[in-house]
Amino acid sequence: NAGVTQTPKFRILKIGQSMTLQCTQDMNHNYMYWYRQDPGMGLKLIYYSVGAGITDKGEVPNGYNVSRSTTEDFPLRLELAAPSQTSVYFCASSLQGVGEKLFFGSGTQLSVL
Amino acid sequence: GEDVEQSLFLSVREGDSSVINCTYTDSSSTYLYWYKQEPGAGLQLLTYIFSNMDMKQDQRLTVLLNKKDKHLSLRIADTQTGDSAIYFCAEIREGTALIFGKGTTLSVSS
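Here the protein sequences line up with chains R and F, keeping their order. Using our numbering, the letters of the first sequence map in sequence onto residues 58 to 170. Using our numbering, the letters of the second sequence map in sequence onto residues 2 to 111.
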C-alpha cells in the first residue's frame, strides 16, 4: 500500500513549456486534490475531484488543467509554464470527503525559468 | 475568499509549552484541523476538533475552539526538538474543500 505517489519529485521547465504532474493513489479514495505551496503563503487549492469524471476549481486554478478518468489517477497539467508557477505541488486524497483525513504525497518541486 | 490567518513563527525552549493560534473564516466548517509538515515532506494530520466541541485533548496536544471569535489554538505541552515543524490550521470551506492557513513555523531550541 503505497498511499499517494507523485512524480516527478523535481523538475525545471523553461517559460512556455508544458508538463504533467502525475498523482496516483492506491487507497480507493474518491476525493483527490492538488495544492501548491509557496514560501510563507501556505497551501492553496488548485483543483479537486470528488470522483472519476468529476473535477472542480479551487482557489487558484488559472494556468492549470486536470482530469480524472480513473479513481486512482489525478494528473495536473501545466500549459505554457510561467515563473509564477514555480512552487511545490502536493497531491492529496481522502476516502469519502473533505471532512476526512487527507493523505498527502511527498510533493513535486517545480521551477520555471 | 478570506484567508485563514496564523502567526508565521514561534520559537520556544525544549520543555516549554507552545501555543499556535489560528483565525478561520467559515463558521459552518464542521471540523477544524491541525496538520504538521516536517522538512521535505507532505502534510500529516496531527489532530482535529469537531465544531460543537470547545476543547479536545490528545496526549501532549490540546486544541481549543472559540466559535464566537472563529479562533482555534493548538497547545503542545513539554515541547520537544522533534516537534520543530510547520503547523497548519485548516477549515472546510463551503462544505467542499479544505483550506489551509499560511502555516506557523515552530522552532524548538535545546
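These are computed hints drawn from the structure, not numbers from a lab. Model, not experiment: these values are computed from the prediction. There could be a bad hint or two in this list.
Below 27 Å or equal to it, Euclidean Cα-Cα: the simulated BS3-like pairs (lysine-lysine) are [claimed, not checked]:
id, chain 1, residue 1, chain 2, residue 2
1, R, Lys114, F, Lys71
2, F, Lys68, R, Lys66
3, F, Lys37, R, Lys66
4, F, Lys71, R, Lys66
5, F, Lys57, F, Lys68
6, F, Lys71, F, Lys37
7, R, Lys66, F, Lys57
What follows is a list of derived Cβ distance ranges for each label pair [unchecked claim]:
id, chain 1, residue 1, chain 2, residue 2, range
8, F, Met56, R, Thr62, 34 to 42 Å
9, R, Gly60, F, Glu3, 45 to 53 Å
10, F, Thr82, R, Ile69, 31 to 39 Å
Even for Gly, the Cβ is constructed at its ideal location relative to N, Cα and C.
Results for each hint:
Restraint check for Lys114(R) and Lys71(F): the C-alpha separation of about 26 Å stays at or below 27 Å, so the hint holds. For the given pair, Lys68(F) sits about 39 Å from Lys66(R) by alpha-carbon distance, which is inconsistent with the 27 Å threshold. Straight-line distance between C-alpha atoms of Lys37(F) and Lys66(R) comes to about 20 Å, which keeps the hinted pair within the 27 Å bound. The straight-line distance between the Cα atoms of Lys71(F) and Lys66(R) is roughly 37 Å, outside the 27 Å bound, and the hint therefore fails.
The suggested pairing of Lys57(F) with Lys68(F) holds, with an alpha-carbon distance near 14 Å, which does not exceed 27 Å. Of the pairs offered as hints, the one joining Lys71(F) and Lys37(F) holds, with about 21 Å between alpha carbons and a cut-off of 27 Å not exceeded. Straight-line distance between C-alpha atoms of Lys66(R) and Lys57(F) comes to about 36 Å, which puts the hinted pair past the 27 Å bound. As the Cβ distance of Met56(F) to Thr62(R) is approximately 37 Å, the hint placing it in 34 to 42 Å holds.
A hinted range of 45 to 53 Å is violated for the C-beta pair Gly60(R) and Glu3(F), which are about 32 Å apart. At about 34 Å, the beta-carbon gap between Thr82(F) and Ile69(R) stays in the expected band of 31 to 39 Å.
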